[in-house]
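Engineer: Here is how the chains run, residue by residue.
Protein chains: 4
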Amino acid sequence: MHAIGVDIGGTKIAAGVVDDDGQILAQTRRETEPDDAASIDRAIADVYAELSADHKISAIGLAAAGFVAADRSGVLFAPNIAWRDYPLRDNVAALIDDKVTIVVENDANAAGWAEFRFGAAQDVDDMLTLTVGTGLGGAIVTNGELLRGAWGVASEIGHMRVVPGGHYCGCGHEGCWEQYTSGSALVRDAQAAAITAPERAARILELAGGSAEKIAGPHVTKAAVEGDPLAVELLAELGRWLGEGAASATALLDPALIVVGGGVAAAGDLLLVPARKAFSEQLSGRGHRPEATFVVAAMGNDAGMVGAADLARL
Amino acid sequence: MHAIGVDIGGTKIAAGVVDDDGQILAQTRRETEPDDAASIDRAIADVYAELSADHKISAIGLAAAGFVAADRSGVLFAPNIAWRDYPLRDNVAALIDDKVTIVVENDANAAGWAEFRFGAAQDVDDMLTLTVGTGLGGAIVTNGELLRGAWGVASEIGHMRVVPGGHYCGCGHEGCWEQYTSGSALVRDAQAAAITAPERAARILELAGGSAEKIAGPHVTKAAVEGDPLAVELLAELGRWLGEGAASATALLDPALIVVGGGVAAAGDLLLVPARKAFSEQLSGRGHRPEATFVVAAMGNDAGMVGAADLARL
Amino acid sequence: MHAIGVDIGGTKIAAGVVDDDGQILAQTRRETEPDDAASIDRAIADVYAELSADHKISAIGLAAAGFVAADRSGVLFAPNIAWRDYPLRDNVAALIDDKVTIVVENDANAAGWAEFRFGAAQDVDDMLTLTVGTGLGGAIVTNGELLRGAWGVASEIGHMRVVPGGHYCGCGHEGCWEQYTSGSALVRDAQAAAITAPERAARILELAGGSAEKIAGPHVTKAAVEGDPLAVELLAELGRWLGEGAASATALLDPALIVVGGGVAAAGDLLLVPARKAFSEQLSGRGHRPEATFVVAAMGNDAGMVGAADLARL
Amino acid sequence: MHAIGVDIGGTKIAAGVVDDDGQILAQTRRETEPDDAASIDRAIADVYAELSADHKISAIGLAAAGFVAADRSGVLFAPNIAWRDYPLRDNVAALIDDKVTIVVENDANAAGWAEFRFGAAQDVDDMLTLTVGTGLGGAIVTNGELLRGAWGVASEIGHMRVVPGGHYCGCGHEGCWEQYTSGSALVRDAQAAAITAPERAARILELAGGSAEKIAGPHVTKAAVEGDPLAVELLAELGRWLGEGAASATALLDPALIVVGGGVAAAGDLLLVPARKAFSEQLSGRGHRPEATFVVAAMGNDAGMVGAADLARL
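Chains as they are written, first to last, in our numbering: chain A, 1439 to 1752; chain B, 1439 to 1752; chain C, 1439 to 1752; chain D, 1439 to 1752.
Calculated directly from the structure, the hints in this document are not laboratory data. Source: prediction; values computed, not measured. Each statement offered as a hint is correct.
No distinction is drawn between identical chains; accordingly, a pair holds when it is met within one copy or between any pair of copies.
List of simulated lysine to any residue pairs, SDA-like, C-alpha gap at most 25 Å: (1) Lys-1494 / Thr-1466; (2) Lys-1660 / Ala-1650; (3) Lys-1450 / Thr-1466; (4) Lys-1537 / Arg-1751.
Only chain A is shown next, with the shape it has when bound in the complex (with noise of 0.2 Å):
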């Protein structure tokens, strides 16, 4: 059966036809206003009404970033969308004629769930995927089942405090994991370099065009990946704090295999490696039990679109 998964971001939403197997028969985009909910609203009803025009369509999955709500029916709070307690499914379902399912989903839960079904991690029952963006997001496969929680926001491993008194963090808090292992972390530790080491920073300077506010995560893993070794320390610095903060939910949740996906995992191996030695030291038990595998997200930028049809048809 075909579902349509739809992956909200702030300013745009990116939309595909998507069958049993994962396969993306057809995509569209809209822009949409991240002030404006309705405008989302009636750009996910134009989306449907484009590519059901050429398809079947069973359902249909939005990926929202934001705590969604347990009964998969709206969203309780976004952090860059103007949705408080917003009532997503109705109000979609409204602009649409057909009667098709509807239901809203954490876009991280998406993306890890297609990793779990469709991407890396299709052959195991227990997985953590961990998605180093901007942000740290997380998605939990238990026994083969997303885990949801009681009220819908599991997986907000980002802000697992790591850190006591640590970095503050968007979410109000000091020494969540995301403020160690993100992106903005990764640049903000590039620059605390360009100041304390000027010299050492030099190759990444240069490619942010000179300036330490310019410098984005792209300048670091290019200049790693060049050998840049202050470039190289920051990802396996990076990578330090992803394994040992892994190790602290593994002991929760004993996963068989750890997705690293995200904007940041394009660095490989100069990320992954640190990552699985800090891993292997600070697991808990180590040497009495099995170890998770570490590996690197399979399904790109489209698996919250992928994830979320697919959920939306279970």
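The hints should help you fit chains B, C and D onto chain A, whose structure is shown.
Structural biologist: Structure of chains B, C and D alone, referenced to chain A:
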């Protein structure tokens, strides 16, 4: 259907016939030798013989402190009993003539399951049990199922790291949660206070017979119940770590209920009030999500036995 | 003998004629351009001309925010003024015809010295001044002498690390004490509370005109003086870090007195009571040693001017 | 002028006649009883009688492990000897007929002073000695004078807190620097590695006779000198904490030289190279200031004796 639950301790086993409602119909015990694994096998067969004489038994659940194999057939590793990759199920089965299902479960998981099925967490589908005893054990139920992980060693929650470079743990790592939230932590904190503030520690020391080395958890709890300011502070500090760690676990798991058991839970509100406060203050997304409730465990010392019996029936 | 003290700020200088008892006999000011170091040289010569017209002056002390050379001839580096290895003494001397001693001193050292000579610390030989302003500055007097260090850059006490992996600091490192004990820290903590507990932050937000971005230290202090619970807590937390850091500094320095100055010191006991408690609780060897006393600075905003003048005379 | 220096240990005292150049002209020893303070008084009088028979002595310096009174007359508190507010100077004087100056000094201060006057730090005016033995001791010289503090208990540098909530310390606090940089820390880290990575710890365990409980600092150092990867890592980690803590101390003290002594200093560059790297990386204001040099102590085990004698002469 009746099942036997066996709680296997270091020096004794306690066994009981448990009915479908979690009631214990009969009980018995045996002393055992932790260094002689075969003596435990025999003792289990022996209690089965005794209890099955008067009750029809369909299954035996064995609650073991250690890493339990994912197929529930044995123990990978135990800290206090001479089990290393030990085929406990088959060894016991070989000593029993009847055809009866035998399963091995982690003891904290068994106890948590008892709370979920018959105790404090009967009304929820997603819960976290935290057993604050000598160490800190845990059990996770998500969507009505026990979370066992890929290899059966999930919920080793006491080894989530809460302080990088923190207290040494017997597991060989630093900063494990159980070094901040356990009876052992309470004792060490009281002993430290006896050095830095002996005048404030007078009552606790008195209860311990005058010797800092002899301070035990119940001395602190008793002094706190009497209103001793230092003891109240020490339990509040333990409660703070309990709540803060639970907030991190909640970022991953989103439970509806957090059940606090173990010997230290006897302190009741002296522990739980500070725990709830710290939990709320550290909970990510607070205000945009429902919050888990903290309650004291209801099943007492029989929780492991009852939970193991019930899990064996499933 | 009379000396002139000059307090050099980013956009203005304040100068005064100071007598042997630390009394200011005359004062004047000039506006300056932080990006134009020569404008500051000229302004200093200018205030000298004005003040020396009516007073016989033997020395000029220049209080500068930055790393001051060990021979007190200039500034190695300043964060807010365009000084890099800048020969401030000789540049000013070249603009003055009279033969007069000119020395450059770090501004926090100058202010601390004023407390030692004429203010809160007149009666001790060993003291530590902690200036809790935008950042955290310090001055150390040991055995009656200002501790300058091998290269003149001692007492950069705000950059003692108190939390590994802690808050980012403008210096490029993590976990510097001034990120936990300063007006900036107070503001950020209040802003974080406005996210995690907006209802509790209502009064502080009201004082800030309704906007978290506009919260300033005095809003928190005012709310605390009124009895607002959150504001009281925030100052207590700042005080706790103040006391705990001071206990670490005391392990090295063993001062008789700790003088707390700077804008945040206006909070008085709301800051100092928690600071004293934390200091006592963290002080190593407590009970076997006398303990330093915490007091509020007595010299006010003129401390830097008075101290610089006095140090120039020595 | 000749002075006698006495290094008072728990179970023995070592005494020597020291000339103006720090040379030891004669030596002797006595066994003592740590629980019998009077036996130490008598032993000191006894070594004085022996040594003064052949040498003209003007002063006696007593190096004591403990908090020494500011007037250098006795010991406020000692961890390993039965001294509590003990008038050591007067007690010894009462047993000696000659008129001779007697002063008591903290042993780490005495050893550091010897390095300053005759050893590794002869050429500087501002230095910090770090004695990495069982614990972590320190001595501070600033502007050519020993920093004693208001009450004589400065330089208890091992109790600067480096990790909030960190390792328990015998002083009753958590996270003291000496729990990260000392022989005891090295041993515990090696024992922890024997749990988490027994295969990597094989060589260290072999040197310790196969038992983790018997691991001592020299086993780790020896293995590291042989090139054992784990031992090298453990010393590097110790060196990292040494350098990072020294960077914090330098923010306060700005020494020209950091002299590393004590048993663990025998590891030489295995300790110092990582220490220097960490120091540079953590030094606030790096690039805008000269940096302290790290060197190994030069005076060996006689440092306390020589320093105490020299300080008695002043």
